[in-house]
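There are 2 protein chains.
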Amino acid sequence: MTDTNTPSSQVAPRRRGRPPRRAEAAQTDTRTLLIRTGVAVLTQKGYSAVGLDEILRLAQVPKGSFYHCFASKEAFGQALIAAYADYFARKLDRWLLDETTAPLQRLRNFIADAMQGMARHDFARGCLVGNLGQELGTLPESFRARLEDVLLDWQARTATCLRAAQQAGEIAAGHDCAELAQFFWIGWEGAVLRAKLQRSVLPLQVYAQGFFQLLQTGGAASANCP
Amino acid sequence: MTDTNTPSSQVAPRRRGRPPRRAEAAQTDTRTLLIRTGVAVLTQKGYSAVGLDEILRLAQVPKGSFYHCFASKEAFGQALIAAYADYFARKLDRWLLDETTAPLQRLRNFIADAMQGMARHDFARGCLVGNLGQELGTLPESFRARLEDVLLDWQARTATCLRAAQQAGEIAAGHDCAELAQFFWIGWEGAVLRAKLQRSVLPLQVYAQGFFQLLQTGGAASANCP
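Protein sequence lines, in the order shown, are assigned to chains A and B.
Going by the working numbering, the first sequence opens with residue 2, and the numbers climb by one from there.
Going by the working numbering, the second sequence opens with residue 2, and the numbers climb by one from there.
Since the hints were made in silico from the structure, they are not lab data.
It is possible that part of the hints are untrue.
Any copy will do: because identical chains look the same in the list, a pair fits if it lies in one copy or spans two.
Stated by the list, open to error - Quick list of in silico lysine-lysine cross-link-like pairs, BS3-like style, CA-CA up to 30 angstroms:
| hint | residue 1 | residue 2 |
| --- | --- | --- |
| 1 | 74 | 46 |
| 2 | 92 | 74 |
| 3 | 46 | 64 |
Everything numeric in this text was worked out from a predicted model, so none of it was measured.
Next up, chain A with everything else stripped away, as it sits in the complex:
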């Protein structure tokens, strides 16, 4: 998602040479519209099952205009990952950097917002990154590293919040906050998937409850693992 809030499906006819300012603006709008439509469709259906034609039809953008904005479906997919990552990072920061709220409550607020978001879309939309991750077998190889980078970014933002919780004495000093954040995101994508399957916030609730229970332990040092 970009900064403009006024997408438009009106595209000026293509001319040779550097386009005049109005055509440039229209192209930015078309790009924004295509990205917005693409993100909505990919959070719902994933990448492989969706033809470019379907997105163009939904966005009411002719194919020629698409190729003014993106070199290929792969380049478009990469732009969608970047846009979703940016949108979601801002959402995470809005909750997790909220200085008016105690750190763990910030995480609870983010989770409550995610539940509302999934319910608002009737559990039809999941996480674009999770959807694409599940489809890796059929995706351009260039997507893999980008998707992992996005998750690492979200983990880092979450770890910052958990460290604030640790400093505030909300979780024990024995916890490795980076590892906790990694655990959270590994399982959270599963919870989003299961919420879609059940059409219910229950999996998100169960997962959050277990995670907060884990936060109340002394830390990783006491655990056995296989």
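Dock chain B against chain A, hints included.
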């Protein structure tokens, strides 16, 4: 997966009336072969991205023979879910009902086996149920309840093992084993997804470590949730 270990792509020509025993056997073999091929492809690529033609080509089965075995791609998909569920339930039981091993170690052994399995297929294959769950937006609606039922079945088998661990004093009496098993499977599907993305067992390890840490708490009563 069925009991026969001798699938064959040789199919006898179709005759009118009840087929003789040899043709019946060949049809069973074809069905087995199609299911085996379909499960392999779906764990890797999911449902939507795969045409029936691709599966038929891989299995070297002509389309006419396919329709002797299955009424539609949807019926085939349902048979694949059933076959995978059956295969996986037997795998779970092999580990989780192993009376020669302490209950929590059984779960660790299952996880270690899953890691080896993913590594053996170069992290290209995930969980058929997780893959299809992620694709719900484009799947026949009949798949939803079946996928949830499969997960509930796996959860029940896991809860039985956790109850044995509780009886053996390996985990605290305050734990609700059904809820723990639900938590495990919600997050585990996320861990399998992330392992595919990272091409590494690390997400499975991190998830298992956190889960075993959770098992060592006193139980759900002490946790806050959003």
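Against the structure, the hints:
In this assembly of identical chains, residue 74 and residue 46 lie within 30 angstroms of each other by CA distance both inside one copy and across copies; the values are 16 angstroms within and 19 angstroms between. Taking the closest pair of Cα atoms, residue 92 and residue 74 come within 30 angstroms of each other only inside a single copy of the chain (27 angstroms); across copies the shortest separation is 40 angstroms, beyond that limit. In this assembly of identical chains, residue 46 and residue 64 lie within 30 angstroms of each other by CA distance both inside one copy and across copies; the values are 21 angstroms within and 28 angstroms between.
Hint check: no violations occur; every hint is consistent with the structure.
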